[in-house]
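Engineer: Sequence:
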Amino acid sequence: MLTPPSFAVAVAAVAQAQVVPQAPEILVTGKRPPDTDAPLSTISREEIDSFAAETAGDVIAAAKRRTPGNDAPVIVNGRRLGDIADISALPPEAIERVEILPPSAGVRQGLGGGTPVVNVVLKKRFRSLQATGEANLPSEGGAGYGRAELGATAIRGERRSNGALSASAQAPLRYSDRFDAELLRQQGGAAEPQASLRASSKALALLAGRALPLGRSQLSLSANGNWSRSERILTGGGGALRADGAGLGGAATFSGLAGHHFWSLVLNARASQSSTETQRGDARLSNRSTSASAGINATASGPLLHLPAGSLQYNVSASFSGNSLSQSSTLGGAMANVRRSANAQFGVTVPILRRGPEGRGLGDLYTRLQAQFDRNTGSTALLGYEQAIGWSPLNGLNLEWTRARQGLGAYQQWAPLTVQPDVLLFDPVTQQSVQVVQILGGNPDLRAPRQSRSSLRLNLSRRMQDTDMSVSAYYSEDRTENPILTPTPSLVFEGAFPDRFTRVGGQLTRVDARPLNAFRQSRQSLNLSTSVSGALGHAREGEASGHASRARWTLTVNYTRRLRESLMLTPVGPVLDLASSQIAAGGGGGSRDSVNGQAGIGNARFGTQLRVDWNAPSVVLGQGSGSNGRYHQPIRLSVDANLNVAANGPGEAGRLRLHLTVENVLGRRPSITFPDRATPFALLPASLDPIGRTIRLSVRTKLG
1 MLTPPSFAVA VAAVAQAQVV PQAPEILVTG KRPPDTDAPL STISREEIDS FAAETAGDVI
61 AAAKRRTPGN DAPVIVNGRR LGDIADISAL PPEAIERVEI LPPSAGVRQG LGGGTPVVNV
121 VLKKRFRSLQ ATGEANLPSE GGAGYGRAEL GATAIRGERR SNGALSASAQ APLRYSDRFD
181 AELLRQQGGA AEPQASLRAS SKALALLAGR ALPLGRSQLS LSANGNWSRS ERILTGGGGA
241 LRADGAGLGG AATFSGLAGH HFWSLVLNAR ASQSSTETQR GDARLSNRST SASAGINATA
301 SGPLLHLPAG SLQYNVSASF SGNSLSQSST LGGAMANVRR SANAQFGVTV PILRRGPEGR
361 GLGDLYTRLQ AQFDRNTGST ALLGYEQAIG WSPLNGLNLE WTRARQGLGA YQQWAPLTVQ
421 PDVLLFDPVT QQSVQVVQIL GGNPDLRAPR QSRSSLRLNL SRRMQDTDMS VSAYYSEDRT
481 ENPILTPTPS LVFEGAFPDR FTRVGGQLTR VDARPLNAFR QSRQSLNLST SVSGALGHAR
541 EGEASGHASR ARWTLTVNYT RRLRESLMLT PVGPVLDLAS SQIAAGGGGG SRDSVNGQAG
601 IGNARFGTQL RVDWNAPSVV LGQGSGSNGR YHQPIRLSVD ANLNVAANGP GEAGRLRLHL
661 TVENVLGRRP SITFPDRATP FALLPASLDP IGRTIRLSVR TKLG
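Take the sequence shown: its position 87, counting from 1, is numbered 87 in this note's numbering, and each next residue is one higher.
Keep in mind that the hints are not guaranteed to be accurate.
[Claimed, not checked] Below are the EDC-like pairs computed for lysine to aspartate or glutamate, each with C-alpha atoms no more than 20 Å apart in a straight line: (1) K202 x E149; (2) K64 x D613; (3) K702 x E149; (4) K202 x E277; (5) K702 x E134; (6) K702 x D244; (7) K64 x E54; (8) K202 x E158; (9) K702 x D676; (10) K124 x E149; (11) K202 x E231.
[Stated by the list, open to error] Quick list of simulated restraints, FRET-style, between CB atoms: (12) A342 x A258: 18 to 28 Å; (13) A240 x Q387: 20 to 30 Å; (14) L257 x G141: 49 to 59 Å; (15) G141 x Q431: 43 to 53 Å; (16) L307 x A342: 41 to 51 Å; (17) P571 x G141: 20 to 30 Å; (18) Q431 x D244: 34 to 44 Å; (19) G247 x A131: 19 to 29 Å; (20) L206 x A240: 24 to 34 Å; (21) G141 x G396: 44 to 54 Å; (22) S566 x G146: 38 to 48 Å.
Keep in mind the hints are simulated off the structure, nothing from the lab.
Keep in mind the model is a prediction, meaning the values are calculated, not measured.
Think of the CB as a built atom: it goes at the ideal place given N, C-alpha and C, for glycine as much as any other residue.
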């Protein structure tokens, strides 16, 4: 953990220095263990400049968009960390490159297979002390947001110190900011002009990180703390809801090499408190909770024996975690729970063929076998497996088939219980927009989902002069027993789980939206991704290829097709086709086709990026006795642009950095339409998306 004295020393040191010019690269840290797979693709420093990113987290998000599902695990300098929140807060100039590694890299790190891994490689030398101010304003007014942050980073080889302190505040958004008075009067008290459509809030956050070498090993420490408060004005005669939260967490990671064997030990802990108070006249309802969690994970991998085609690699990991929750509320009284979970995995990767000299032969062929054990409090032990066959006939071309059956863990069991009054929902039974009491939190009765998966992955990467290209195709077929869903008002949900919906005189008054288990879900999908990047113009004689004057362009496109998706809520219930429909707006299922892309151009001094998201229309089920609704999601365009003043080379931080973002440039909102009736108030575009277009400006300046 970065203590106050050491943080002050780090700040004092970096305050006197500019960004240190990049030294010749020496592999001192983050070296991959033997027989580790090469990256499927690499995002260079010059390409990162074209992202128009504000933080390292933006760069990580852009890298994840190049993987199926956008949920790839992240490692740093080839090592697993207990928490990457402090890494995400680093300035983007601290990153040297980002690698997309094959799924086998995740297996070696104890992260499981089945998805590529994002490896963030930091610079060997970097120093920065900076202050950032940000303003975010919806173009239609209301819900203005502001944030200020002070951050410091010092990297020297394997040693790293970084920290950030931020404060933010958001103004409320009222119904009168989005709807005219006559329309609000027609709702009969369900929506009042001065009531909060979005709450006002303020927050403080502190992040700190420290990394240092210990012989051939490395110790990484991270700590974070946060405090927040939000306030809402309620309908129905006034009243207010105030929610407070605070948390403190930390992680320690030991990792290193013992001969040719990689090992890591991750410890993490977190404690948090939350409270809500609802005041209506003299009546007061309160809810308070305290939670604590701790966990440990140990991982080892390396060669077991040498075969003609290479080394037989093993990986083993074990983890244990515990979580305690105590809670008291005016309505529910006091309760306390303790949850424990354990996981163990063992696997081997067996090389079958190796590519001959000068690429001759059938290429590299391997198989991977993995066994898994899971045990959670309140559930039986789950045994799982994963088997994979991979083939690489050429450099840059990889094909992998995977089949797995595994427990997914029920991590939503013990979340704090909260009661939210005045939640605007559409009641499909009465066809009215109503204010209800909504119950959120964990469900101790959840059963752990169990998934069977088959997948086929193809990756191709090529470099042609100054142009890099990578193409990937991913087909998956999943079958999940006990899938976890969140119930929302719908005839489908209410018919299957009537106890989750409370009615008085036929009127919906309360919705228990805590997660629940459905019976079975099946899905087939295809994901295609293409990424191309290159340099504009030619390097002048004597000029480095990554000089700031040369701009680099990038283009990334992801397409996902839901080939099939079905859901059974109960063992006797009907089979719902969700390939191009959803149970309710945001209640499971969705668009059959979706596309997201980003195009950028920039260098060390400027950068601009265009992001595009499109989803095909879908059918909304269970919205009344009439015909189903049609959910339209318009094309969403967003633009990022930055200007880095006084930057001389790729990845250098200028004295002043201006960043402008326009989210939802066209200002279009999703909509639900019905062919035989008008759209109810709770499903109007401004109810589905109250914010609309936003304009955000941030200014970052180097201090010292």
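Engineer: Now look at each hint and say whether the structure bears it out.
Structural biologist: Now for the hints, and whether the structure bears them out:
1. A distance of roughly 14 Å separates the Cα atoms of K202 and E149; the hinted pair therefore holds under the 20 Å criterion.
2. In summary, the hint linking K64 to D613 is supported, as the alpha carbons are separated by about 15 Å, within the 20 Å threshold.
3. For the hint linking K702 to E149, the alpha-carbon distance of about 12 Å falls within 20 Å, and the restraint holds.
4. The straight-line distance between the Cα atoms of K202 and E277 is roughly 17 Å, inside the 20 Å bound, and the hint therefore holds.
5. Between K702 and E134 the CA atoms are separated by roughly 15 Å; this keeps the pair inside 20 Å, and the hint holds.
6. For the hint pairing K702 with D244, the CA-to-CA distance comes to about 33 Å; that exceeds 20 Å, so the pair is violated.
7. Only pairs whose Cα atoms come within 20 Å are accepted, and K64 paired with E54 is accepted, the gap being roughly 16 Å.
8. The suggested pairing of K202 with E158 is violated, with an alpha-carbon distance near 36 Å, which exceeds 20 Å.
9. Taking the CA atoms of K702 and D676, the gap is near 59 Å; set against the 20 Å cutoff, the hint is violated.
10. Proximity of K124 to E149 is assessed by CA-CA distance (about 25 Å); at most 20 Å being required, the pair is judged violated.
11. For the suggested pair K202 and E231, the alpha carbons sit about 9 Å apart, so the restraint of at most 20 Å is met.
12. Checked against the given bound of 18 to 28 Å, the beta carbons of A342 and A258, roughly 25 Å apart, stay inside it.
13. Between A240 and Q387 the beta carbons are some 56 Å apart, a value that contradicts the proposed interval 20 to 30 Å.
14. For the hinted restraint 49 to 59 Å between L257 and G141, the CB-CB distance of approximately 57 Å keeps it satisfied.
15. Roughly 31 Å separates the CB atoms of G141 and Q431, a value that falls outside the hinted 43 to 53 Å.
16. Checked against the hint of 41 to 51 Å, the pair L307 and A342 fails, with Cβ atoms roughly 33 Å apart.
17. Restraint check, P571 to G141: a C-beta distance of roughly 50 Å breaks the suggested window 20 to 30 Å.
18. Separation of Q431 from D244 is about 37 Å and conforms to the stated range, judged on CB atoms against 34 to 44 Å.
19. For the pair G247 and A131, the supplied restraint of 19 to 29 Å holds, since their beta-carbon distance comes to about 25 Å.
20. L206 and A240 have their C-beta atoms about 28 Å apart, which keeps the hinted 24 to 34 Å range intact.
21. Between G141 and G396, the C-beta spacing of about 51 Å keeps the proposed range 44 to 54 Å intact.
22. Between S566 and G146, the C-beta spacing of about 46 Å keeps the proposed range 38 to 48 Å intact.
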